[in-house]
Amino acid sequence: MASPVLLVAIQMVIMVLVATSVICFVRVLVGPTISDRMVGLNTISTKVTLMLVLLSILYGRALLLDVAIGFAMLNVTGSLVVAKYMEGGFRD
Amino acid sequence: MIEYISFLAGCTVMVLGAVGVIRFPDVYTRLHAATKCDTGGAISILVGVVVILGMSMTSLKVMLVLFLIFFLNPVASHALARASHRYGIKPCEITVVDMYE
Amino acid sequence: MSKMRFYLRERLDTVKHQLESQLQYGRGIKTWQKILVTFLVLYVFWIILLGSTALPPLVLGAGICTLLSFFTYDFFTKDIRVGENFFSRLLMFVFVYIPELAFIFLFRIIEANVNVARHVILMDINPGIVRIDTTLRSQTAVTALANIITLTPGTLTLDVKETLEGNALYVHWIDVETLSTEEAGEIIKGGVDEWLRRFFW
Chain A
29 MASPVLLVAI
39 QMVIMVLVAT
49 SVICFVRVLV
59 GPTISDRMVG
69 LNTISTKVTL
79 MLVLLSILYG
89 RALLLDVAIG
99 FAMLNVTGSL
109 VVAKYMEGGF
119 RD
Chain B
1038 MIEYISFLAG
1048 CTVMVLGAVG
1058 VIRFPDVYTR
1068 LHAATKCDTG
1078 GAISILVGVV
1088 VILGMSMTSL
1098 KVMLVLFLIF
1108 FLNPVASHAL
1118 ARASHRYGIK
1128 PCEITVVDMY
1138 E
Chain C
211 MSKMRFYLRE
221 RLDTVKHQLE
231 SQLQYGRGIK
241 TWQKILVTFL
251 VLYVFWIILL
261 GSTALPPLVL
271 GAGICTLLSF
281 FTYDFFTKDI
291 RVGENFFSRL
301 LMFVFVYIPE
311 LAFIFLFRII
321 EANVNVARHV
331 ILMDINPGIV
341 RIDTTLRSQT
351 AVTALANIIT
361 LTPGTLTLDV
371 KETLEGNALY
381 VHWIDVETLS
391 TEEAGEIIKG
401 GVDEWLRRFF
411 W
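Protein chains in written order, with my numbering: chain A, 29 to 120; chain B, 1038 to 1138; chain C, 211 to 411.
Rather than coming from a laboratory, the hints here were simulated on the basis of the structure. Even glycine gets a Cβ: it sits at the ideal position worked out from N, Cα and C.
Covered by chain B, according to a simulated footprint, are these stretches of chain A (three or more residues, beta-carbon under 8 Å):
no.: 1; segment: 57-70
no.: 2; segment: 75-88
no.: 3; segment: 96-107
Listed below are several chain C residues computed to face chain B (Cβ distance under 8 Å; list not exhaustive):
no.: 4; residue: Ser262
no.: 5; residue: Ile319
no.: 6; residue: Ala327
no.: 7; residue: Gly338
no.: 8; residue: Ile339
no.: 9; residue: Arg341
no.: 10; residue: Asn357
Make the full structure from the sequences, and use the hints.
What follows is the structure in structure tokens.
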């Protein structure tokens, strides 16, 4: 269904996404506070969701799209848990 | 042709957002860069994917992913910003005004 | 004495505000309309997740969505305003107002993306946390407004506090242009405030 040029373009986009994830991972490693690390992780998670969508086109498997939907939901839950912890726990 | 243009725009925005996450001075401005990656980059790349797939049930699913990124990522960044302000992380020195106290 | 009178006046305003809110809540749309809206949202979600158009799953989904919408109809539809004609408003919402919002939003996102890209390259930022006021009261409307403000790169909602006239939003702004509350509200909110007031109170 897809032309070879398009497949190469999708592979290039995935490479760019991986490279930017590595740049964001530097912030996760050196970040002075917890929030800085969470910002980096949140950005990486969004990029991984995009990668899953692109890989499902590349391999022709619609199953990876469902995985992407689940991952997009889980990403937010993780950030919310850390934010709640920083505000002082789950007492209320 | 549209898909290549939108892929290119998305990649540019992604690279600029990642550089912004590294270069900005404090956590709030870094959140701006992260939100920029989420909206600009994700919209451009997923619109390209929808153009490739055409009108089908699969492209509806891709639109659902776009919708989820669109509506759930601001919630996460808002929660992180408020939590870091209450945790005691100060904005950087060049901040003009802080009315939230 | 004058201080006492001022306190009483403030208290009276608070009570009036609470009464008004409760009256608004009591005047929501009818129950069958709430059930219908919830059913439509759930069924569209089911169809998208299904990914095929075979008949037996569609019938099964209709049954499950009907059952669920009888239990959960109050979650999303509590804050919708009362209008004259229900079906014409529903059709207008899907076919006119949502494309209008998408159109407004597209240009704002492109403009703001270019702005933040310039900030990343040149680092000419002067960030600050400003306060803006809105007259929207219900939780759904304020959540939607805060989400849209956060989605636009360059502005980030920190917190929401309830005031007498509505709600106050604290917004982290990457390039502070003005310190006045009204002017900042004009620039940050744009037309989204008016758009939301058509459906939510």
